[in-house]
Every structure is written in C-alpha cells, then in structure tokens.
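Line by line, the protein sequences give chains P and Z. Everything in the first sequence is counted per our numbering, starting at 775 for the first residue and increasing by one. Everything in the second sequence is counted per our numbering, starting at -13 for the first residue and increasing by one.
Keep in mind that the hints were calculated from the coordinates and are not lab data. From a predicted model like this one, the values you see are computed outputs, not experimental measurements. Heads up, some of the hints might be wrong.
With a cut-off of at most 30 Å between alpha-carbon atoms, the simulated DSBU-like pairs for lysine-lysine come out as follows [stated by the list, open to error]:
#	chain 1	residue 1	chain 2	residue 2
1	P	Lys828	Z	Lys100
2	P	Lys1135	Z	Lys241
3	Z	Lys100	Z	Lys32
4	Z	Lys100	P	Lys1276
5	P	Lys1098	P	Lys1087
6	Z	Lys32	P	Lys1272
7	P	Lys828	P	Lys984
8	P	Lys1276	P	Lys828
9	Z	Lys241	P	Lys895
10	P	Lys1098	Z	Lys241
11	P	Lys1151	P	Lys1135
12	P	Lys1110	Z	Lys241
13	P	Lys1272	Z	Lys100
Chain P stretches covered by chain Z per the calculated footprint, using a threshold of three residues with CB under 8 Å from any CB of chain Z [to be verified]:
#	stretch
14	860 to 874
15	941 to 947
Ideal Cβ positions, reconstructed from N, Cα and C, are used throughout, including at glycine.
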Amino acid sequence: MELNIVELSRLQFAMTAMYHFLFVPLTLGLSILVAIMETVYVMTGRPIWRQMTKFWGTLFGINFVLGVATGLTMEFQFGMNWSYYSHYVGDIFGAPLAIEGLMAFFLEATFVGLFFFGWDKLSRVQHLVVAWLVALGTNLSALWILIANGWMQHPVGAVFNPDTMRMEMTSFYDVMFNTVAQAKFVHTVSAGYVTASVFVLGVSAWYLLKHRHVELARRSITVAAAFGLASALSVVVLGDESGYTASHAQKMKLAAIEGMWNTEKAPAAFTAFGFPDMKDRETHYAVHVPFVMGLIGTRSLDIDIPGINQLVKESADRIRSGIKAYDALMTIRQDKAATPPAVRQTFEQHSADLGYAFLLKRYLDDPRQASDAQIEKAAWDTVPAVAPLFWSFRIMVLLGFSFIAVMIYFFWRSNFRRQTYPRWALRAAVAIIPAPWIAAELGWFVAEFGRQPWTVDGILPTALSASHLSVGDLALTLVGFVTFYSVLFVIEMGLMLKYIRKGPVQDVAATDEWMNRHHSRLAGTHVMPTASLTPAE
Amino acid sequence: MILYELVPYDVLRVLWWVLLGVLLIGFAMTDGFDMGVGALLPFVAKTDLERRIAINTVGPTWEGNQVWFILGGGAIFAAWPPLYAVSFSGFYLAMFAVLAALILRPVGFKYRSKRDSATWRSSWDWALFVGGAVPALIFGVAVGNVLQGVPFHLTPDLMSIYDGSWYGKFLGLLNPFAILTGVVSFAMLLTHGAAWLTFKADGTVAKRARAVGSVSGLVTMGAYLLAGLWLAFGITGYRVTSAIVTDGPSNPLYKTADHAGSWLVAYADRPWIVVAPVLALLGMTMTVRGLRNGGEGSALLWSKLAIFGTIATVGLTMFPFILPSSVDPQSSLTVWDASSSHQTLFVMTVATVIFLPIVLCYTAWVYRVLWGKVTADDITGHSETVY
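Build out the structure end to end from the sequences listed, making use of the hints.
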C-alpha cells in the first residue's frame, strides 16, 4: 500500500480525534458538576443553585453538541479510512462500540433534550434524575470507548483465526476487564473532571474580578475546587496506574517515553530532563532522579525495566517467529481442511507473533523472503519517535501536578478563608483555563503516537490497516473535515463567550418568593414586603 | 459446554440480520421525521416563529433519535465487520457527504436561536435543511447501488479493493436506478416529516405540512412502484452457486456466486415475503389518505408502516445477500459469510436483550412527558430555553 495514503489517513484520524477531544472532557466533567449543583438545589430549595444549574447547563449544552457532531465522524471513520483494521479486529473492537451506543449514547442523548426542555414539565426530583442520567450516560460512553481503545493498547481475550483471516474474541470478560482499559478509563474521566473544574473555576474567577454575579461565582468556585481537587489527585494517581500497567503491557512505549535506551539495573532512574536522539540512540544531557522510574513502573526495587535496545532485539526475534507463523498460514490457506496437523501446530506455536511478520510488508510482499537487514529495519520500526513522546509526557505530568496545586489553593481559600480570593489568584485561575485541554490532548498523543507502528499493539501494523483510498479522497475529506470543524469551533467559542459575558438569567420572581418564605419561617410571620429584599445577587 | 453454543451460529446470524433491519427501520422511523422536518423547513415555515415551532417539534428528541444511526454504525461494526469495512470505505465520499450534513444538525438545532440576527438564523435554517435533505437522499442512492452490486473485490487476505478513480467511484453511485431509489427515500422521509408536523405542530405549519405531505406521499408511492418494476425487469440479481453453509467461517471467498437471473426469484422461493411490499404500499396509501382527510396521529403511524415495508422489501428481496459485488460476485457479502464470530454475536445478543428494552422504555417515557402540540405560546413564553 502507498505510504502517503497511510500517512494521510493517520493525519485525518489525529485531527478528527483531537478535535473531538476538545469537547469531550468538558462534557464529561460539566455534566457531573451541573448534576451536583442541581442536587444542592433540590436539597436546599435555594433558587441560586437552580440559576447555577441553568447557567452552567447552558454552557454545557453549547459544548455538548460539538462533542456529538465530531463524535459522529469517529463512529464511522474506522470503516471509511481503516477498512482492513475494521475487518481484522472488528470482531472484538466493534462490540464495545456497539454497546456504547446501546448503553450510553441513548441514555445521554435521550435525556439531554429533556434536561433543557423539561424544567416546566417535570417535578424537581424528576428533573434531577434526568440530570444525573445525562451525566451517567456521558461517563458510560467513556468507559466503553476506553475499553475499545484499551484493547488496541493491550489486546487480550482474542485469537487469530486463519479461516477468516482476522482476530476473533475468545473472552469478552478479558476484553471488558482489561487492566489497561480500566486504568485508562479512570484516568480519562478524571482528566475530564479536572477540565470542567478548571473551566468553572476560571469563568467564576473572571466574574469575581469584574464584581459580577458574585453569589454564583463564589458558590461555583467552592464546588469546582472540591470536585477539582479530588479529580486532580485521581488523575495523577491513576496516570501512575497507567504507567504501571504499561510496564507490563507496552514496554516499548514506556521505554520511549523515558528515553531509556538500555536496560538499567533495578530500580531504574527517572529521566526528568534530556534530549533524546533517535540517530545516536542516546538521551543527551539527561538529568536523572534515582529509583523513581523503577518504583513507578514496577512498584519494586528489584525488577528491571527493559531499555529500547533490548526491546528491539526482542522484536527481531518475534519477527523471525512471526515469519514461521506466516509460512504456516499460507499452507493452511491453500490446503484448508487438508492441512497437515504439524503445520497447524507450528501455526499455533507462533501465531502470537504473526503481527510482527506483517511489519515486513512495508518492505516486501512476502515476509518469508525477508533478508536479515530487512528484519533489522522492521525491528527498529517498533520504536516510536522518542523525543515527541518524551516531551509531551513531561509537559502533561507537569500540568497534572500544577492542577493539584491550584485546586489545593482554591479549596483552602474557599473552606478556610471565607471564600476570599486575592486578585492575582483569580487572574491566574482565568489564565490557566486552556491548560487542561493541552494536557488532555498531549495525553492522547502519548497514548496513540506511542503505540506506533501498531494500530493494535503487536497484532496489526498501522501501515497495513488503512483503506485502499486515493490521495484525492483523503485530501478532500481531510481539508473538508478540518475546515468544517474549525469553522464550527470558532462559532462555538463565540457563543460560549457570548453566554459567559451575558451571565446567568436571574429569576427574580423565584428568588423573591424563596426569600419571602425563608424570612417568614425565621420571623414566624407571613408578611414580608418584597421590595425591601435584595435578590440573591 | 460453552455458553454461547446454546444458540446455533446460523440462528444468531439470522437474528442479527433481523436486528440490522430493526436498527435501520428504527432510525428511519424516528430520525426520519427529524430529517423530514429539516428538509421541509424552508417550505412549511416562513416566519421566524413558524420555523421555531417546526424546529421545536423535534428539538428535545431528535438527539436521541440520531443514536439509532450511530448505533447502526456500531452494530454493523460489531456484528457484520466485513460489511462495515467494505461499505464505508467503498461509499467513501458519499459517507463524507452524509457525515458533513449530519454534523450540521446538532449545531443547527442548538445554535440557531442563540443569536437574534436574521442572517445567523436563516443560515442555520439552511444548515438544517441540508442536514435533513442530503442524508435522506444519499441513503436511498446507497440502497439503489447495493441492489445493483458494488464494484469491489476481496484479496485472499480479505482486504477490500474498489475499482475506478476516486471521483469516478463517487459519480458512479449516481446512476439512474440509484437516483430513483434516492427519490423514494427522500420523498418517504419528507412525507414522514410532514406527518410528524401535522401531529405535533400547531396552525399554519401543520396546514402547510399536510399539503406538502400529500404530494410527496404520492411521489413516494409512484417512485416505489417504478423502482419495483425496474428491479423486476431491468436489474440483474445475484445468487450463490455453491452449496450454502450456514454455520461456516465468515470468509466470503469460501463460496461461489454469480451475477445472473432476477432478484425476484426470492418471491418464488419464499412467497410470504410479498407481505413487505404490500405493507409498504398500504402504508403509503393510508398516509396520503390520512394527510388529506385530516388524520393526525394516524398518518404518522401509517407512515411508519410504509417505512417498515419499504426497508423490509429491500432486505427480504436480497436475502441472503447483504452487499453483492458487481465485479467479483464471489466476494459478495452474505448473511452466512460476513458476520462476526459465534461468540461475539452471542455477546452482542445478550447486550441487546438487556439494553434495548430499557432504551425503548425510557424513550417512550420521554415522548410521553413531551406529549402535545408545540404552539406559538410555547415558543414566545420560553424564548430563552427552547430552540
């Protein structure tokens, strides 16, 4: 297959997926924050909390639709651009996608309309249940898509079937409870919660700086800081869990992220800084922190973490083993039922390495004819580009820790300093609004780029996965999607800013009524002139 | 004894062929009227208030309806991976057009009334029109092409390869028969949208929808009959020429097939399937009658029957073919060789049995909460919250 087709398909997937993930994290987190606010409203009956629910709900809605719009493409582009991938692993990969639709998309999409249109048609408790169902639906969809993605990182519960020339599921349980998938799920939704918390915090800080909507802003900061602190801690802890699972599942990715060329004596040091160099196969000017890598990766002091050079040697061995599997497969395909049992046995023995033989398809049609030089080259192909991974990962981690610091600070001010915030802190909160998006995009970059050259780790090379399209097809859709998304993104930002500037819709009648009742309860009287009351703000 | 072997492979394959139909029909019955309303927008609603009435008849529920489409994609991926791999890469630019049009809808619905500018609103109205009309047309065009066979072949590795240049592939889809089937689906969803608006909208909008729907209903019927005649006398069918193995491995190249004879052979082999076109025509007739005589809910129900009958006609006529290949009939995908594995089909069946009834229950509840006509007062009274 032409390589530029594969590169263009990758670029298109990267663009559409990363655009999609501009909207998803906010949806994940804001759906929960809004539901929390509405819960407080239903429990206390105070109209300010209803106002908050509606205000943040409006922003949630503006963001949500673009998540839906960009998500549509995601559901279909595996088939459009990654036809052989879809054939080869659809038996496993398709199931979580379909269940996601059945279990999660229906839930969120059916109730999101009622959330906006149902205020007058439902009781308070009913509406609250609707809000929580929307939040549940969005979070469940993350679960299933990460089960699918987790399988691409760490394919378990499946085996190659020579009759159908594809991977087939052997255990749905293993696919569902894949450790990599579970760690990724909690890490990803926590990242979404942090994103939404930083967003709510930043917008509220802006109101406080402008002395507008102070009541709403103060309360929003209190909720966002508490929720954000828990989430920011969880994102880092579970990111560490991802690192731990990666040390078993994706050794090469881990070594590349670390820029670790040779196996070090356990416990390995963590490279805090340095310049990885693919040509010299060395990380220049490296600054090491002793022991840390061994602790994160293996949670022990005596287990080695293999370096890139050692892993490449392993890859070369697996390519040779894969060639044996490939050879047996060709015989099986020719003889079908009449295949000698010895050949079947050889195949079974080596079939786990079949994908490694496919790495050679970049260089020649028949992997069995490969020279030693070609095998060596293909083995080095299993190393993803080290420097971009090394840096992306470090920036992401740095941002992750900074979110913890920010949330601790605001949590402390909101709970122990009577919700007073110095102006420099408020300005900082506004300034960091884009940071969680940067961290999330970098995280996905590390996860997906770090898996290269595979679409499914060790099973199917990316170069083999793409559809047989033409440059014309891809150029048109790539330009089309990017232009289209960019225009929609600009429109979305415009509306977001418009509604943030506009602020919450004040429900004066409801506020007055509530204040009236509240005061009359306290005073033991039913008469309270409305005019003398200041509304909640 | 392994659990999934409780249900034989061929039974699961037929079940998932039926479920594929259920998903397509569910999509056309629910999101079909959303698309119809979009396509009708410029014709049945002239003023801003009228347009908002029309839009808000589907405003709260269209998003859930669209999930039928997304789930359709996911279910094809899970249950019919070769179909997912071959069809979407083959109809590449057509799929791109459908997606681009559908992407306009969520944004159009949500953003349209968030600014007061007339240019802003009329731009989004056109976006909603495109989001309804283009997919409605393309889905029918795709069906017309599937009935004629699609120019792909499978390599021994089961990689699918299409013949022709990229734009040629796209233009090739627009052949006369496919355009006719495109008209069927476009007119059918337009009628469905009109039936929905007479049921759900108030005043002038409903009146105009009734008028448009009575005409488009007749067009649907005429185009459907014409397409049927064309299929009978002008289109060559496909047939499997090797012995049919219903529980073999999912490898299309294990069979042989040819492009000969007529699709209508199916009606000789299984005469009962004639019930599908009969129901389609009955539904179409009664929809037009309902729209003319002032029936509201009844026209919508009959229109659903028309959709059911039409989609069932295509599926039953082609069985066991799902996607025939015009250049290499052996590569054609059929019910017996294009499914996922026995175990995956079983897992998916369990998931469907658990979740589909739950989905149907809460969807019904939501429609009940939102029961009743959308009136001008609903819009002006809640200008901030409605679309």
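Holds or violated: lysine 32/Z to lysine 1272/P, with C-alpha atoms at most 30 Å apart: 28 Å, holds
Lysine 828/P and lysine 984/P: Cα distance at most 30 Å? 21 Å, holds
Can you take a look at whether the stretch 860 to 874 of chain P is actually covered by chain Z? Rule is 3+ residues, C-beta closer than 8 Å. holds (count 12)
Is the hinted pair lysine 1098/P and lysine 1087/P satisfied, with a Cα-Cα distance of at most 30 Å? Holds, at about 17 Å.
Taking a Cβ-to-Cβ distance below 8 Å as contact, does the stretch 941 to 947 of chain P have at least three residues touching chain Z? holds (count 4)
Under the criterion that the straight-line Cα-Cα distance not exceed 30 Å, is the pair lysine 1272/P, lysine 100/Z satisfied? OK: lysine 1272/P and lysine 100/Z at ~9 Å, within 30 Å.
For the pair we were handed, lysine 1110/P and lysine 241/Z, check the Cα-Cα distance against 30 Å. 13 Å, holds
Are the Cα atoms of lysine 828/P and lysine 100/Z separated by 30 Å or less? 15 Å, holds
Is the hinted pair lysine 100/Z and lysine 1276/P satisfied, with a Cα-Cα distance of at most 30 Å? Holds, because 12 Å separates the two Cα atoms, which is no more than 30 Å.
Are the Cα positions of lysine 1098/P and lysine 241/Z separated by 30 Å at most? 28 Å, holds
Distance restraint between lysine 100/Z and lysine 32/Z, which requires alpha-carbon spacing of 30 Å or less: Within the cut-off at roughly 19 Å; holds.
Is it true that the CA of lysine 1135/P sits at most 30 Å from the CA of lysine 241/Z? 28 Å, holds
Hint 9 from the list above is the single one not met by this structure.
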